[in-house]
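Note that our numbering has the sequence shown beginning at 171, numbered continuously upward.
Since the hints were derived computationally from the structure, they do not count as laboratory data. Where a beta carbon is used, it is the ideal one built from N, C-alpha and C, also for glycine. Check each hint, because a few of them may be wrong.
To be verified - Cβ-Cβ distance ranges computed for the label pairs, FRET-style: (1) S211 / S190: 17 to 25 Å; (2) G180 / N226: 14 to 22 Å; (3) C194 / G174: 32 to 40 Å; (4) K198 / L249: 20 to 28 Å; (5) L245 / T181: 30 to 38 Å; (6) N250 / K216: 35 to 43 Å; (7) D204 / N226: 19 to 27 Å; (8) K241 / T191: 29 to 37 Å; (9) V186 / S248: 19 to 27 Å; (10) G242 / N201: 15 to 23 Å; (11) T233 / A182: 19 to 27 Å; (12) T213 / L249: 24 to 32 Å.
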Amino acid sequence: MVDGHIVYQGTASDSVRYSSTLGCPIHKFENPADVYMRHLSITYPKTEEDDKNIQNMVNLYETHFTDEIRKGNELLSSLNFEVSYTNLQNMAPFHV
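Take the sequences, apply the hints, and build the full model.
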């Protein structure tokens, strides 16, 4: 997730392949988590370049995961459940 946008969902092993589509290939002895953190980190206030990078990551995510997103929305629709900010706001807090 970057700046409130989902930019990847999947397994850790698949994330290594996916990272190359973001323009940050993971080399043999690099820690994938370190590479992602470097790439996903945003310094605030954001610059125009940050906004461009964020939009690029969001577009890549939507391109790669369109089918999964559609299937998820169809499942939620079949259950007559709608996810919205208002629904999340009205949920009671969960305490452990």
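Comparing the hints with the structure gives:
no., hint, verdict
1, S211 / S190: 17 to 25 Å, "holds, 19 Å"
2, G180 / N226: 14 to 22 Å, "holds, 18 Å"
3, C194 / G174: 32 to 40 Å, "violated, 20 Å"
4, K198 / L249: 20 to 28 Å, "violated, 44 Å"
5, L245 / T181: 30 to 38 Å, "violated, 20 Å"
6, N250 / K216: 35 to 43 Å, "holds, 38 Å"
7, D204 / N226: 19 to 27 Å, "holds, 20 Å"
8, K241 / T191: 29 to 37 Å, "violated, 21 Å"
9, V186 / S248: 19 to 27 Å, "violated, 34 Å"
10, G242 / N201: 15 to 23 Å, "violated, 30 Å"
11, T233 / A182: 19 to 27 Å, "holds, 21 Å"
12, T213 / L249: 24 to 32 Å, "violated, 40 Å"
Violated hints, in rising order: 3, 4, 5, 8, 9, 10, 12; the structure is consistent with all others.
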